[in-house]
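Number of protein chains: 2
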Amino acid sequence: MLHVVILAGGGGTRLWPLSRIHYPKQFLKLLGDYTLLQQTALRVRNLVSPDRQWIVTGKEQEFIVRAQLAALPGFDTLSGNILLEPEPRNTAAAIALAALHILRTDPHAVMVVLPADHWIERNDLFASLLITAAALAEQDMLVMIGIVPDHPATGYGYIQRGNRLPLRLPADVPAQELYQVAQFVEKPSLSAAQAYVDSETYYWNAGIFVWRATTILNEISIYLPRLYDGMQEIASSLADATSAKTVTEVYRRLDAVSIDYGVLEKSQRLLVLPADIGWSDLGEWTTIHRLSPQDERGNVLNGNVVNIDSEKTFVHSNGRVIATIGLQNTVIIDTDDALLICAQDRTQEVKGVVQQLQTRGAMVAYTARTVHRPWGTYTVLEEGPAFKVKRIFVNPGAALSLQLHRHRSEHWVVVSGVAEVINGDQHFILQANQSTYVPAGVTHRLTNSWTEPLEVIEVATGSYLGEDDIVRFDDIYQRTSQ
Amino acid sequence: MLHVVILAGGGGTRLWPLSRIHYPKQFLKLLGDYTLLQQTALRVRNLVSPDRQWIVTGKEQEFIVRAQLAALPGFDTLSGNILLEPEPRNTAAAIALAALHILRTDPHAVMVVLPADHWIERNDLFASLLITAAALAEQDMLVMIGIVPDHPATGYGYIQRGNRLPLRLPADVPAQELYQVAQFVEKPSLSAAQAYVDSETYYWNAGIFVWRATTILNEISIYLPRLYDGMQEIASSLADATSAKTVTEVYRRLDAVSIDYGVLEKSQRLLVLPADIGWSDLGEWTTIHRLSPQDERGNVLNGNVVNIDSEKTFVHSNGRVIATIGLQNTVIIDTDDALLICAQDRTQEVKGVVQQLQTRGAMVAYTARTVHRPWGTYTVLEEGPAFKVKRIFVNPGAALSLQLHRHRSEHWVVVSGVAEVINGDQHFILQANQSTYVPAGVTHRLTNSWTEPLEVIEVATGSYLGEDDIVRFDDIYQRTSQ
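From first to last, the protein sequence lines stand for chains A and B.
Quick note: the first sequence uses my numbering, first residue 1, plus one each step.
Quick note: the second sequence uses my numbering, first residue 1, plus one each step.
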């Protein structure tokens, strides 16, 4: 059977301020109505049903992944397929972990590995390539989808093709060109990259692979024996109640190695299927601009924009009115707490801004004003020296932990939906336009037991208002140890 | 005695989004620690004590003027000197109204007319010019301060000087060049403006005038007899309780005429004192940029800015982090609800943005997110379909009207200061961290009877949340008829 493994871990800073270190680009709607993670899952939906789609991510992003998949038809019962890494250890470990899990139910599984944050224009062609690749994988080969480059990018890894191979596959498998791999080249100079593009024998390595789970684990046992041993330890713990502990211990001592460097560059089994599928990693704002529908002067003006005479300008507005006058080749990304204005040809330097903000310890590098939690989201509307106002959304069926705060009191006003409240020794219901007061030191809980979202305005007051002033007694998301 | 009349009415849109139609630039801190209105009052403080400074403004801006002047030492008892026009009727009416009021106590008064929203670099030289001008005014002349132009501006009015006159004044009056006026020229072409600058015989008309109150009223009686008649009607009503009504009736039928066009261009009494005083009307953002302290690459980066390699760029941040990468000659003005990004050489087109926003009926053209009221300010933090969250500041000694809302309920949480609350038939005190609930239809009032500011978070809920849902019963600011 064909399975899909979507690698959705890791942060990203190149699309700041829309992406943040703790809210990377796979979770953003950049092109179209779905986030990149959702688009990735939907892209292979016709080949691989949701129960055979596996997502590898980190604990902190689990609930975002879960919420985004649950919003897709047919994906709502996917919970067992979200695989959590206790800390990121690059792609070799993530792929091995997914292979272990898949093999538990399907010893002959073929797995397609997909990054969660890429864009593909020609999905039909891509699906046809995956079918061919899967057939090759059945013959114990490692198959890489090699992207036909359309410009001399210097930020990608290239692979040079070797000999062309005949395609010996059943007649119902789509015919494709097939090559051995001659060599890997990482991030070449511009002139080298241009030569590669002109030669028509180099492809971009997009991190899209197809192989049998047993084949890749076998290759890992040869080229990354320490990783293999660790994974065996995890495999034998999977049925245990303490498996999570084993995974954490094993991960702590794993090296972070990419599958490319650790296995593919050395393996004799690697083949490449050239793919001209309109691929992009959406790695900088100019790319999003290029792929978005533009007006006759080359502008993309998303949101409430008043433009006088600007050209080739990209605007992402978050609700605020944005006026642009006489701009050329400018990128403007506006969010609640951070604003980027960047020359089009400098968007690769956005990560330098994030680095500077990290050095200053600025929260705006890590999280957006709206923070995602297992139970929903909260947004800080205003902060003063002794108060903080939040807008809180609690998802249907969700509940915050049973908790108390030592230093802050909280006033809750329900503005939509219905709240079930524990406040000290009282347990009651609040409808819209009703409120309650939770003094410091009093145990409380906010629950949405209904099918509509619950929206609460919270005014917290006190001398200390940090999010770490929390004692959790009971939590349906297992956060009481935090 | 010397008096000063500061013309502080009128809106302004050229510094949007910092200025708004209902919050024009005289109320902004653009350069230095004081607003332009405050700087204007302080500029002549050594010549004219606060009790002889008169401010002409509109009813809607009265409390802003009052609050800004009250914040200046010595100006706190100025209330009788704020003259309200029921609607703007250009400068001739405003000047005549001020002259009437001044003459009630000082029949020989000399008045200096100053716009509230200008910048003057060399205040000592300016003061010395005013002393000379006042001495000339005593001889029944109309004196204009003529700004020596430093560039061929096309947006200003120019005056061409006539014959040079000998200065026949007491020895203790500073000696200055003095000229008759040959002609007025409005907004010339660039080539004409350049010729004027090169000739060294033209000056900018900055709207700064000195004359005796009786002289200007006499000239008005000759050249604007209808205005004069109306002002006589107002003058004879000033002692009556119904004077405000008379003023409103007279203003309704007045023509809007500038003093320049209506009187000065025709008068035989006009003289000009050339002034090289570093004057600017701060009419567009590039001017603010030019007058602000710049870094070595010509940038002015006010606020929380991360800059990589931008040049000649002006940033005004409102708290949000702003990242600028590789920009050239760009103006960025960020406010809570509106953002301007403009090429430096296009800042004169900002008013076109405001016009477009007015056409759309967008509030962002008229008011900022923080709205000024006689009793303090409020800021809308968030709005949803059925709720609105506000941060409310009530000044010491101030009170909102006794009021009720038909459609919305209000939850108040005091976050700093102490509130005196009327809520239905209850009357009580709320300390910080206490709250109350005012249901729709219940009469209520919020008062700050203490010397510290009162800060309240209000969560309003209901199906209609417009500010016009208010019935006022009692108001110390006389707004019950609204």
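Since the hints were derived computationally from the structure, they do not count as laboratory data.
Honestly, I wouldn't trust all of these hints.
[Stated by the list, open to error] Think about it this way: if two alpha-carbon atoms lie no more than 20 Å apart in a straight line, the pair counts; the simulated EDC-like pairs of lysine to aspartate or glutamate are:
1. A:LYS245 / A:GLU60
2. B:LYS312 / A:GLU200
3. B:LYS59 / B:ASP345
4. B:LYS351 / A:ASP309
5. A:LYS312 / B:ASP345
6. B:LYS29 / B:ASP309
7. A:LYS29 / A:ASP51
8. A:LYS312 / A:ASP337
9. B:LYS312 / B:GLU284
10. A:LYS351 / B:ASP309
11. B:LYS59 / B:ASP33
**Item:** Given hint B:ASP309 paired with A:LYS351 - CA-CA distance at most 20 Å
**Value:** holds (14 Å)
**B:LYS59 paired with B:ASP33 [C-alpha distance capped at 20 Å]** = Violated. B:LYS59 to B:ASP33 sits at ~26 Å, over the 20 Å cutoff.
**20 Å limit on alpha-carbon distance, applied to hinted pair A:LYS245 and A:GLU60** = holds (17 Å)
**Item:** Restraint check for A:LYS312 with A:ASP337, where alpha carbons must lie at most 20 Å apart
**Value:** Since the Cα atoms of A:LYS312 and A:ASP337 sit roughly 25 Å apart, the hinted pair is violated (cutoff 20 Å).
**Message:** What's the verdict on B:LYS59 and B:ASP345, does the C-alpha distance respect the 20 Å limit or exceed it?
**Reply:** The given pair, whose Cα atoms are some 36 Å apart, is violated under the 20 Å limit.
**Prompt:** Regarding the pair B:LYS312 and A:GLU200, is the alpha-carbon distance no greater than 20 Å?
**Reply:** violated (44 Å)
**Message:** Just to be careful, I want the Cα atoms of B:LYS312 and B:GLU284 compared with a cutoff of 20 Å; is the pair within it?
**Reply:** With Cα atoms ~16 Å apart, B:LYS312 and B:GLU284 stay inside 20 Å; holds.
**Request:** Verify the proposed pairing of B:LYS351 with A:ASP309, using a straight-line Cα cut of 20 Å.
**Result:** holds (14 Å)
**Item:** Agreement of B:LYS29 and B:ASP309 with the hint, judged by alpha carbon distance not exceeding 20 Å
**Value:** violated (28 Å)
**Prompt:** Does the alpha-carbon distance linking A:LYS312 and B:ASP345 stay inside the 20 Å limit?
**Reply:** holds (18 Å)
**Message:** Hinted pair, alpha-carbon criterion (20 Å max): A:LYS29, A:ASP51. Please report holds or violated.
**Reply:** Since the Cα atoms of A:LYS29 and A:ASP51 sit roughly 24 Å apart, the hinted pair is violated (cutoff 20 Å).
Figure legend: structure checked against the earlier numbered hints; hints not met, in rising order: 2, 3, 6, 7, 8, 11.
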